[in-house]
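Asker: Sequence:
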Amino acid sequence: MKNKNQQPEEFSDAILLAYLAGDVSETVRQQIEADETLLARAQELNYWDQIMAVAYEEIDCPQPEEILLYHHGLLERERMQAIRNHLELATGCSCAAELQQLALGEKKTAERSSDYLWERIKATGKRLLEAIQVPGLEQPALALRGHEPQRHVFKAGEYLVVVMLTPPLTEDDYWQLEGQITHQGQVGPELQGQAQIYLARTKVAEDAVDEFGYFSMEEVPAGAIELRIETAGMILKPIGFKL
1 MKNKNQQPEE
11 FSDAILLAYL
21 AGDVSETVRQ
31 QIEADETLLA
41 RAQELNYWDQ
51 IMAVAYEEID
61 CPQPEEILLY
71 HHGLLERERM
81 QAIRNHLELA
91 TGCSCAAELQ
101 QLALGEKKTA
111 ERSSDYLWER
121 IKATGKRLLE
131 AIQVPGLEQP
141 ALALRGHEPQ
151 RHVFKAGEYL
161 VVVMLTPPLT
171 EDDYWQLEGQ
181 ITHQGQVGPE
191 LQGQAQIYLA
201 RTKVAEDAVD
211 EFGYFSMEEV
221 PAGAIELRIE
231 TAGMILKPIG
241 FKL
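Start counting the sequence shown at 1; every next residue gets the next number (our numbering).
What the hints contain is simulated information worked out from the structure, not anything from laboratory work. Among the hints, a few may not be true.
[What the hints assert, rightly or not] Pairs of lysine-lysine, PhoX-like flavour, derived with a Cα cap of 20 Å:
no.: 1; residue 1: LYS155; residue 2: LYS237
no.: 2; residue 1: LYS203; residue 2: LYS242
no.: 3; residue 1: LYS203; residue 2: LYS155
[Said to hold, decoys possible] Label-pair restraints from in silico Cβ distances:
no.: 4; residue 1: GLU211; residue 2: LYS242; range: 30 to 40 Å
no.: 5; residue 1: SER216; residue 2: GLN101; range: 33 to 43 Å
no.: 6; residue 1: VAL28; residue 2: GLU78; range: 32 to 42 Å
no.: 7; residue 1: GLU190; residue 2: TYR47; range: 48 to 58 Å
no.: 8; residue 1: MET164; residue 2: GLU98; range: 50 to 60 Å
no.: 9; residue 1: SER25; residue 2: ALA97; range: 20 to 30 Å
Every residue, glycine too, gets a C-beta built ideally from N, C-alpha and C.
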């Protein structure tokens with residue numbers, strides 16, 4: 001039977017690692033913290049544990065193209081969170097340095113960064129397109145009030161994007177957004193992708209774009225929102241709306 005008054009030399013590295021993780025009893029914690037030798041061993045173990053963690057994270061670094069899409073918020077929510085966790089743990093990785101260079105490059109020269117983004121996106125087989133709003137029929141001012149939906153049409157290369165915004169029907173101040181992407185009358189996997197709504201750089205709504213180009217999002221908060229769309233064939237530059 002193990003002695004309750006466990007001596008310092010009986011503490012293994014596994015116990016010290018458990019101590020660092022906060023997974024030991026109060027008695028063990030007090031015994032470790034009362035001994036300078038054990039604390040020194042624990043600090044050394046913590047140092048090497050961090051070194052190994054960084055080395056492991058370096059192996060799992062995202063590809064440069066994925067880092068670029070992460071920087072512009074164009075990945076799915078789960079992948080964005082996974083890369084964010086990776087960057088928090090692996091601050092010394094090459095991917096963290098590349099992300100920092102991207103941010104610095106944008107700050108110094110927006111035009112150069114845009115060209116760089118264009119080249120990197122092309123390397124992934126996608127096209128980066130800018131949506132230009134197509135002028136619609138003029139409506140009387142009163143027609144825009146109340147619960148009248150707002151219809152917007154954008155042209156992006158060979159793609160046409162139609163967005164319908166429905167004002168709140170109750171007092172919760174949430175809008176509904178429906179849209180469709182068309183590409184020369186074609187349907188299929190090329191139109192499939194993801195549509196996302198951002199407010200103040202925070203994603204607040206998303207939906208999958210199906211093979212017919214349809215997507216729909218409810219509970220879109222009012223404010224200056226951005227619609228971001230990525231399909232198998234293209235990435236659309238953010239479209240801004242004021243709700």
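Asker: Run every hint past the structure and note whether it holds.
Answerer: Here is how each hint holds up against the structure:
no., hint, verdict
1, LYS155 - LYS237, "12 Å, holds"
2, LYS203 - LYS242, "16 Å, holds"
3, LYS203 - LYS155, "24 Å, violated"
4, GLU211 - LYS242: 30 to 40 Å, "31 Å, holds"
5, SER216 - GLN101: 33 to 43 Å, "38 Å, holds"
6, VAL28 - GLU78: 32 to 42 Å, "37 Å, holds"
7, GLU190 - TYR47: 48 to 58 Å, "50 Å, holds"
8, MET164 - GLU98: 50 to 60 Å, "39 Å, violated"
9, SER25 - ALA97: 20 to 30 Å, "41 Å, violated"
Consistency note: the structure conflicts with the earlier hints numbered 3, 8 and 9.
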